[in-house]
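Visitor: Chain residues, written in single-letter form:
2 protein chains.
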Amino acid sequence: MKKSVFYHAGCSVCVNAENEIVDLLGHENVEVVHLGEEKSRIPEAEELSVKSVPALLTPNGGVLHINFGASMEDLKA
Amino acid sequence: MKKSVFYHAGCSVCVNAENEIVDLLGHENVEVVHLGEEKSRIPEAEELSVKSVPALLTPNGGVLHINFGASMEDLKA
Numbered sequence: 001m002k003k004s005v006f007y008h009a010g011c012s013v014c015v016n017a018e019n020e021i022v023d024l025l026g027h028e029n030v031e032v033v034h035l036g037e038e039k040s041r042i043p044e045a046e047e048l049s050v051k052s053v054p055a056l057l058t059p060n061g062g063v064l065h066i067n068f069g070a071s072m073e074d075l076k077a
Numbered sequence: 001m002k003k004s005v006f007y008h009a010g011c012s013v014c015v016n017a018e019n020e021i022v023d024l025l026g027h028e029n030v031e032v033v034h035l036g037e038e039k040s041r042i043p044e045a046e047e048l049s050v051k052s053v054p055a056l057l058t059p060n061g062g063v064l065h066i067n068f069g070a071s072m073e074d075l076k077a
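These protein sequences, in sequence, are chains A and B. If you're matching positions, the first sequence starts at 1 in the numbering used here and goes up one per residue. If you're matching positions, the second sequence starts at 1 in the numbering used here and goes up one per residue.
Do not take every clue at face value.
What the hints assert, rightly or not - In silico DSSO-like links for lysine-lysine, alpha-carbon gap of 30 Å or less:
| no. | chain 1 | residue 1 | chain 2 | residue 2 |
| --- | --- | --- | --- | --- |
| 1 | A | Lys51 | B | Lys51 |
| 2 | A | Lys76 | B | Lys3 |
| 3 | B | Lys3 | A | Lys51 |
Simulated from the structure, these hints should not be mistaken for lab results.
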């Protein structure tokens with residue numbers, strides 16, 4: 001199975017969502033990307049239609065925006 | 001494994017999210033509740049801290065609000 005990718009920015013909303021998602025999907029099925037620490041990956045996330053974090057990119061290429069934490073614009077600041 | 005519960009209201013945002021979630025978790029692991037058709041379950045959802053739909057209640061009791069579609073207040077109208 002192709003991995004999902006969980007994009008987040010380390011805020012408490014993100015961390016709670018991360019724990020739930022990793023529990024649900026299994027650690028081995030999710031790549032976790034901290035966009036606050038890896039700002040070089042923000043363009044990649046934007047191309048994939050990530051509008052805010054936390055967000056889950058599914059293996060289908062769909063994006064689920066979860067528990068609004070921060071917009072992509074906020075992360076670039 | 002305890003089931004997750006996916007609350008939605010039949011809007012297109014909800015349906016897209018439902019398809020992604022059911023694909024990710026497996027049909028047998030998710031109960032799908034359409035709060036537009038089952039308004040009697042709105043109080044249950046509110047007690048579980050569902051603020052908007054679509055939302056996923058995890059087996060831990062956590063609520064993930066996904067791709068904002070409609071607030072609980074809108075559903076009561």
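Visitor: Tell me, which hint numbers fail for this structure?
Guide: Failing hint: just 2.
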